[in-house]
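Undergrad: So the sequence lines, in the order shown, correspond to chains A and B. For what it's worth, my numbering labels the leading residue of the first sequence as 102, then goes sequentially. For what it's worth, my numbering labels the leading residue of the second sequence as 13, then goes sequentially.
Just so you know, the hints here were simulated from the structure itself, not pulled from any lab data. Keep in mind that this is a model prediction, so the values were computed, not measured. All clues stand as given, with none of them false.
Partner residues are not named here, just some residues of chain A that face chain B (Cβ under 8 Å, in silico):
#, residue
1, Y120
2, T123
3, E125
4, N132
5, A134
6, G136
7, R138
8, Y139
9, T173
10, T177
11, V178
12, V180
13, N182
14, T184
C-beta: ideal position from N, C-alpha, C; glycine also.
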Amino acid sequence: MIAEIPLSLPEGLNPAALYASTGEDKGDDVNVALGVRYGGAQGETQKVYTALCAWLTVERCEALFGCRCSVTEFPTVHVVNLTAHGLLRFAHYDKQGKSMGRRLLEYMRGR
Amino acid sequence: MSTNWAQVHSVYGFLGDQLKCASEAVLSAPRGAYLIADFLSEDTFQILKTKLRREHFFETFLENMIDLVTARAMHDRQIRMVTNAGALDPRGCAEMLAARLGEYGIPLRVAAVVGDNLTDRIDTLGPLPDLHTGEPLPPALKKRLTAVATYIGAERAAQALADGADIVIAGRMTDAGLSLAAAAHAHAWSFDGNVDLLAAGVLAGHLLSCGAQSARPVSLADVDVDALGRIIYPWARISAEGDVIVGSPSGITPEAVITQLFYGISQPQFIDADVVLDLTSVRVVPESPTSVRVSGFRGLPRPEKLRVLALCSGEAHTMRGTLELPRSDLEVCGKDGLRRLIASRMRAGGALMDDDDIELEILGESAHTAMVFYSIRFAQKLYANIARGQLPSLLVSGINGAYGTIPQVEREVVIWDSLIDRDLLGANLRVEMIDPDHGGHDDC
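With the rest of the complex left out, here is chain A (with noise of 0.2 Å):
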């Protein structure tokens, strides 16, 4: 579950260019990757990855879910990945980490 945080985008930060991983879950961590689609000018690829780097901030992700959360940045493929920590021990479901990508991106979305 994401909390209904009023949505606030960064400049830069357009949502239609990102696409979101499967959460693998592990024990009961939920393990999301957010990255920026391929195909896009190169400039305005990196505009979207810093935005979203500035924007997916630990401090977000917590608010977010909940939880303690990780945030790793992989550059050279401009993916942000992030890990919360214990969600499943709250929600007792294994199959919402396997949608929390998606559904992380439709909250970016505005859905």
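Put chain B on the given structure of chain A with help from the hints.
TA: Chain B only, in chain A's frame:
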């Protein structure tokens, strides 16, 4: 550009996956290719112990995957297979398969990699500290231990192939190790040698894990939905120099490969039994609509210890299910009210429980309906079954307009993750070639 490539095809990604992929791959893969079939996950080990007729390995593999046509094609086209379908009894699985092949009259050689099942040696393994907390395995759990398996690497499976096996059946081998075994055999890599080469095998194996996850679209908006049912499971080509290309005849994108690359990886290092794969500088570049090259990765020395998985049966039972109800009703009662309602109905039927025993999660809402997931833990199975029987009453005589499926009730299984010294396996970890005539085995 290398001209010496090993080609590995994924044909099975998890228990319950499509069975037809093996028969398709043996006819489409180049001669001398390898197939990998991955049956295991932590959940699957629980299934082994609780649901399948055969307690220790998967009948699915024997009855449905290696049929006469597939076996004949494997033999005629010199295609080999590495699989972890052996689960807790690779030798038993291998012996049955060898007998089956004998009935077919197909001279494929079968080998088992044994020694990773440590269930009978629990008292020699030490305190088994939890991987994350360091807490030793509690005595109460140890008493209810049902299985202990080690995540072993690919070296013995590669050895089995080198010894002449056409089908190698392992137990709790790492998923990525299945492909590493194939690549190491094809290129005669040493497991004490170049870690970048081992990393290439592990990378390929990781990308081929979980069926066709690396070949599926990241969004239905990207694909012809009619084509989604015709996805062909991916292959990986690994060169002797450690290049990796992954592809699928039905198409593959760098985004899909990356989603699989980061499946379960939260840090730049992916730890496997034989090597640590470093993804700090990984690059993914499309080569064609059906192939993607992955580069920029490197290998780091393997971890000092091996991961083990201990399964312990719990005492409680959990009931899980979903419920759809009118959104307006959920807005009126809220989660707490819904929790009280469900508990009240189940107590009315005789289930002993408190409101707080129910976990509720709102999965989603539309303009008119809300989908709720619930999970209820019962100290005794009796009450779980009583509660389960109350659900139809809740829907018919409770919430107008609600819908739900009959929930599942399962005994809790505690999965204990720990590490052990590699030396503990010792010579017990070995290859056994199965004698097709006598059903026995020859140790290698």
